[in-house]
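A.B. asks: The residues making up each chain are set out below.
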Amino acid sequence: MEFKTVLTVCPYCGCGCNFYLEVLDGKVIGTIPCKTSPVNEGKLCIKGWNVHEFIQDPDRLTMPLIRENGSFREAGWDEALDLVASKLKKIKEQHGPDSIGLFASAKITNEENYVIQKFARAVIGTNNVDHCARL
Amino acid sequence: MIEKVIERVKELLEGGEIKGFVGLCNKNGHTAPYLFTEVAELDHLVVGDFQNPGDARYPLNKLLIDLYRAYPEEKFGVLVRGCDERGLNDLYVWNQLTPKNVVAVGIPCPQELADACGCPKPYPDNSVAEPIAEGAEAQDLIRMEALGVKERFTQWMEVFSKCIKCYGCRDICPMCFCKECSLELDELIPRGEMPPEIPIFHLVRAVHMAGRCIDCGLCNEACPVDIPLRTLYKKVGDIVYRKFNYRPGFDKGKSPLNVLENK
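Which chain is which? The protein sequence lines are H and Z, in order. With our numbering applied, the first sequence covers 2 to 136. With our numbering applied, the second sequence covers 4 to 266.
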């Protein structure tokens with residue numbers, strides 16, 4: 002028998018609420034907000050409260066999927082990224098850089114967000130950059 | 004007090020009486036719910052007084068239920084205050100735990116905390132120390148009841164309207180043990196549609212808490228918008244006490260609200 006409570010940060014928005022994941026014999030069975038965290042003081046929203054449900058859900062995507070002939074097939078990262086890059090390139094050539102937009106994330110670092118806008122402006126050539134809450 | 008708790012848990016673990024102790028642990032500068040299985044870990048045991056008395060309490064009985072469901076043959080110790088022990092008693096009444104699988108290690112609450120909670124019995128029977136506080140009156144309820152019906156209704160609707168529907172009150176509740184919650188029944192609340200209007204959820208939950216709530220106040224503490232849920236459930240508990248002469252956690256035997264026969 003192994004029971005652990007693992008302190009972690011909510012993966013959803015940028016607030017950074019702290020909670021414990023309850024892990025019994027390797028299975029995540031519950032979420033409980035951290036009372037001593039100055040960020041959320043023992044409170045969570047409905048998304049945070051249910052984080053444990055998706056972590057080990059069988060429907061969770063664990064590898065890239067490529068849609069072919071109306072259905073998905075599993076693929077490696079290299080193949081998937083090559084496909085995305087070639088399609089973006091094609092769209093840019095055919096319709097211009099402003100036909101592409103990028104959404105950054107509240108859950109990644111400042112530096113990663115910097116890279117996203119740099120990629121949009123310097124590589125693709127568009128100012129269409131926004132944050133994930135606009136989705 | 005902590006020394007006495009540690010001493011008792013050490014005794015239980017070393018004697019092999021319990022498989023583990025569900026308590027609180029000082030980890031990463033935070034207070035965490037924790038299952039102690041080794042005596043050496045007990046140096047990190049705390050009782051949930053982080054900056055103020057009882058400000059880092061967790062629903063340990065809820066963890067205990069999870070462990071019991073996974074390991075029904077094992078015996079566990081659990082850290083309890085007066086309210087948690089009432090919780091254990093009522094969980095026995097509802098057959099969610101059995102006394103032979105549980106060893107309560109209790110601590111009394113100070114008067115400051117008892118007054119803030121309006122706690123009727125701020126000390127457990129199974130305690131490592133004598134009571135240090137007397138039962139306190141529920142001032143919040145007295146204040147609310149002094150208002151006229153209209154004023155009271157307006158005040159409740161006002162606080163309910165702040166609800167962000169996190170349902171944290173249900174999630175943290177150590178007495179919410181149902182395997183199927185009506186909140187998750189597609190027949191009652193269809194998936195993908197708006198959640199129930201205010202104050203339906205709050206009042207339905209209040210009714211579900213009748214004869215069940217042991218007045219620990221964890222729902223109040225988990226509410227992001229400070230809805231005084233505890234006051235509401237105290238009132239519901241009062242009605243059950245008046246009508247059925249039953250107080251969850253104080254009275255053993257069968258709950259008057261249980262229509263099922265005991266096995």
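If you are wondering where the hints come from, they were derived from the structure by calculation, not from laboratory data. Cβ atoms here follow ideal geometry from the backbone N, Cα and C, with glycine treated the same way. A portion of the hints provided could be inaccurate.
Here are the simulated distance ranges between beta carbons [said to hold, decoys possible]:
#, chain 1, residue 1, chain 2, residue 2, range
1, H, K28, Z, V210, 31 to 37 Å
2, H, C133, Z, E20, 50 to 56 Å
3, H, I56, Z, E187, 33 to 39 Å
4, H, V85, Z, E115, 55 to 61 Å
5, Z, I5, H, Q57, 21 to 27 Å
6, Z, H33, H, C133, 24 to 30 Å
7, H, G126, Z, D189, 31 to 37 Å
8, H, K28, Z, P102, 50 to 56 Å
9, Z, E10, H, Q118, 55 to 61 Å
10, Z, P259, H, Q57, 56 to 62 Å
Result set (SDA-like, lysine to any residue): computed pairs, CA atoms no more than 20 Å apart in a straight line [unchecked claim]:
#, chain 1, residue 1, chain 2, residue 2
11, H, K48, Z, V262
12, Z, K168, Z, E196
13, H, K5, Z, H33
Covered stretches of chain H (in silico footprint by chain Z; criterion: 3 or more residues with CB under 8 Å from a CB of chain Z, positions within the stretch not fixed) [unchecked claim]:
#, stretch
14, 22 to 33
15, 122 to 133
A.B. asks: Now, for every hint given, state plainly whether the structure supports it.
C.D. replies: Hint check:
{"no.": "1", "hint": "K28(H) - V210(Z): 31 to 37 Å", "result": "holds, 33 Å"}
{"no.": "2", "hint": "C133(H) - E20(Z): 50 to 56 Å", "result": "holds, 52 Å"}
{"no.": "3", "hint": "I56(H) - E187(Z): 33 to 39 Å", "result": "violated, 18 Å"}
{"no.": "4", "hint": "V85(H) - E115(Z): 55 to 61 Å", "result": "holds, 60 Å"}
{"no.": "5", "hint": "I5(Z) - Q57(H): 21 to 27 Å", "result": "violated, 36 Å"}
{"no.": "6", "hint": "H33(Z) - C133(H): 24 to 30 Å", "result": "holds, 28 Å"}
{"no.": "7", "hint": "G126(H) - D189(Z): 31 to 37 Å", "result": "violated, 48 Å"}
{"no.": "8", "hint": "K28(H) - P102(Z): 50 to 56 Å", "result": "violated, 27 Å"}
{"no.": "9", "hint": "E10(Z) - Q118(H): 55 to 61 Å", "result": "holds, 59 Å"}
{"no.": "10", "hint": "P259(Z) - Q57(H): 56 to 62 Å", "result": "violated, 40 Å"}
{"no.": "11", "hint": "K48(H) - V262(Z)", "result": "violated, 35 Å"}
{"no.": "12", "hint": "K168(Z) - E196(Z)", "result": "holds, 13 Å"}
{"no.": "13", "hint": "K5(H) - H33(Z)", "result": "holds, 15 Å"}
{"no.": "14", "hint": "22 to 33", "result": "holds (count 7)"}
{"no.": "15", "hint": "122 to 133", "result": "violated (count 0)"}
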